[in-house]
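The task is simple: from the sequences and hints, build the whole structure.
Keeping their order, the protein sequence lines are chains A and B.
According to the UniProt record's numbering, the first sequence is numbered sequentially starting from 1.
According to the UniProt record's numbering, the second sequence is numbered sequentially starting from 1.
These aren't lab readings, by the way, just hints derived from the structure by calculation.
Just so we're clear, the structure is a prediction, and the values are computed from it rather than from any experiment.
Glycine included, every Cβ here is placed at the ideal spot set by N, Cα and C.
Heads up, a few of these hints could be off.
Stated by the list, open to error - Simulated restraints, written as ranges between beta carbons of each label pair:
| # | chain 1 | residue 1 | chain 2 | residue 2 | range |
| --- | --- | --- | --- | --- | --- |
| 1 | B | THR214 | A | PHE49 | 48 to 58 Å |
| 2 | B | GLY61 | A | ALA31 | 20 to 30 Å |
| 3 | B | LYS166 | A | PHE49 | 51 to 61 Å |
| 4 | B | HIS318 | A | LYS26 | 49 to 59 Å |
| 5 | A | ARG158 | B | ALA89 | 49 to 59 Å |
| 6 | A | GLU383 | B | GLU294 | 57 to 67 Å |
| 7 | B | ALA59 | A | GLU312 | 35 to 45 Å |
| 8 | B | LEU85 | A | ALA89 | 30 to 40 Å |
| 9 | B | ALA59 | A | TYR27 | 29 to 39 Å |
| 10 | A | PRO165 | B | ALA189 | 42 to 52 Å |
| 11 | A | LYS26 | B | GLU294 | 37 to 47 Å |
| 12 | A | GLU228 | B | GLY199 | 27 to 37 Å |
| 13 | B | ASN84 | A | GLU312 | 54 to 64 Å |
| 14 | A | ALA193 | B | ASP347 | 45 to 55 Å |
Unchecked claim - The calculated DMTMM-like cross-link candidates involving lysine to aspartate or glutamate, where the alpha carbons are at most 25 Å apart (straight line), are:
| # | chain 1 | residue 1 | chain 2 | residue 2 |
| --- | --- | --- | --- | --- |
| 15 | B | LYS26 | B | GLU287 |
| 16 | B | LYS26 | A | GLU93 |
| 17 | B | LYS166 | A | GLU12 |
| 18 | A | LYS26 | B | GLU93 |
| 19 | A | LYS26 | B | GLU73 |
What the hints assert, rightly or not - Reference excerpt, derived from the structure (chain B facing chain A, CB under 7 Å, subset only):
| # | residue |
| --- | --- |
| 20 | THR2 |
| 21 | THR14 |
| 22 | GLY15 |
| 23 | GLY114 |
| 24 | ASP256 |
| 25 | THR271 |
| 26 | PRO276 |
Protein chains: 2
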Amino acid sequence: MTSSLLASLRPEATGAPASGIVELSKYARTAGDVIQLWVGEGDVPTPAFICEAATRSLAAGETTYTWQRGIPELRQAIATYASNLYGRALSSERFFVCGSGMQAIQIAMTLAAGPGDEVIIPSPTWPNAPAAAGLRGAVPVLVELTHGNRGWQMDLDRIAAAITPKTKALFVNTPSNPTGWTATREELAAILALARKHGLWIIADEIYTRFVWTGEAKRAPSFHDVREDGDRILWVNTFSKNWAMTGWRMGWVEADPALGDVIENLIQYSTSGSPPFIQRAGVAALERGESFVEHQISKARKARDIISTAIEQTGRCHFSRPDGAFYLFFGVEGMTDSMAGAIKLVDLAKVGLAPGAAFGSGGEGHLRLCYLRSPEQIEIAAERLRQAIRQL
Amino acid sequence: MTSSLLASLRPEATGAPASGIVELSKYARTAGDVIQLWVGEGDVPTPAFICEAATRSLAAGETTYTWQRGIPELRQAIATYASNLYGRALSSERFFVCGSGMQAIQIAMTLAAGPGDEVIIPSPTWPNAPAAAGLRGAVPVLVELTHGNRGWQMDLDRIAAAITPKTKALFVNTPSNPTGWTATREELAAILALARKHGLWIIADEIYTRFVWTGEAKRAPSFHDVREDGDRILWVNTFSKNWAMTGWRMGWVEADPALGDVIENLIQYSTSGSPPFIQRAGVAALERGESFVEHQISKARKARDIISTAIEQTGRCHFSRPDGAFYLFFGVEGMTDSMAGAIKLVDLAKVGLAPGAAFGSGGEGHLRLCYLRSPEQIEIAAERLRQAIRQL
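So, in structure tokens, the structure goes:
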């Protein structure tokens, strides 16, 4: 009977893969006092001034339906933040509030790709991007990054070679989860040229742009640096990472205002808008959160150095220090089953890492470690891993 | 350039219709002090004890990622509420928390229907249901309710006649928004028999079940009263209506636990779960909200009588007093353009109603009025409408 129920569901639904990260987390949660470095999340709750903005809004009775695109104050606050960050004037009409960066990806995929279409995604990749394409009935085409002495690199020729008449979109995540690969401005210009040539949409996932470790730049290169009006680019973004708001489920889509009515309808027919009191918290984060963001970045920078040194010292791991984001994605000599490896590390070291196999083509043999943590906690994890990885 | 951008989007996305309700609301918001009866929402904010549960959770730092299916406490609270309401033991494993009743519908549609499939929906209907089917690439097939001396009725033969080899699901909203049609237990049994015979999924939208005006029953008849294990039924539900939580964007899907992993993946790849502090508010609503719900129902019952009497007195409207939900859906003699009629009522009476045309086949010529309001406010609206409808 159960199998009959499942068999009667749509293949897009039953075909959606289980997340390998979730699988590891379920194991690790049963193992007692484990340092949880498998998920893309820091170790502090949302700052009080952000929570208090939500509390005040609740107390004021802002608990009813509201603008589907987001309250005007939040759209303006995002526009101001983005205009400052990218050094160009961006109208609030470009920004559409939605229920998480994940939902932003879902909306972007719905706009750009459907049944039979192909979406090119550099890999290793956060698994939710290809899964979102698959749920639209589209085929995610994973194109492996190369991995050499300069770390993870995108081979533009490989991307170009993967384009077929069915290709409708390129999903570009830079800085990249999990690899830390961070596109240069020149690479972004080349990707954009390729997209223009073939009439493809770019779905730009630049959510880690503030977490960049090369030089003194305040952010990573962005498609904002190379775009022109009329380019087919959809940005997806989230409040989760910069402002420690992973649990709030709020993000935004940035697009040409000409798409406004279409995006509003997609929001209407998926979650019908975001809670007004959560949006007030978003305004507080954007307008008063800069010192918190800088503190997060500085913490991650220290943690990156600590964990990179420790993993190098094992003598059994291969990686380059990542250019951006807050993950170390490293290969372990002789480890061919990353899920088994991650489980063994939970048992041996009480440290939980995400198995590389969860990140698609090119990911097996690796482990992903989130270092958006206090340097003290990362020291402890580093020491444990130094011992345990030798026994893998 | 703009037209080129739009032309390059997927037809499912650009084909999603604008909501006629939103269109009217945009007009009415510019018209000054209008009594807003166009939306399915009451006139009180969320009760303080519910808001305070969220506030306490925020203060406790519950601001991070959490269970994709919902926190165990909330799933149990829903199970307890539902078990009491339906008089049968329902396991918490049947319940999946998501980001609104709308998202519950999106998930249910994704499970049951895809490109080329057909979904039968009795009409007039809340427009978001057919729109959600269309976004999956499925074809919503609207089958008109009949409308006679007994009010709106479902003609099961019409439903049966609409079934084709492409039909995959029946969307059944009872009590119905906008018509107030409320299925009897016998009708539900007949619909279920039809679904069983043809191997169709039923998407059961019973969110207004507590708002029922026939007799003394605590709720409307439900598919829970007639279902057996193995039946293909997906319930969609929301916190919005019972507990005045429209702005919170939280709902749930109820399904056979065998579907759990698939539903969890659909949540993961759409919004990745609901905020934990909102879920705590949901627990408070379910465990301590009964007296509030009963107050809402009693208010709506009084308001229904007031507004029904007033609209009858115009001598120009045709309707039967609705059996359930909290809308009056009435035809106006000689009104062939309900959007124009609704706009005229905003101008003449400063009362905003939703145009019937927004509710699909069979809706034109009607207006929808939400009476989940204080009797005092409904008295004022009633008096204004009594005058103005004569001038339509």
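> Honestly, which of those hints from before does the structure not fit?
Replying inline: Violated hints: 8, 12, 15 and 22; rest satisfied.
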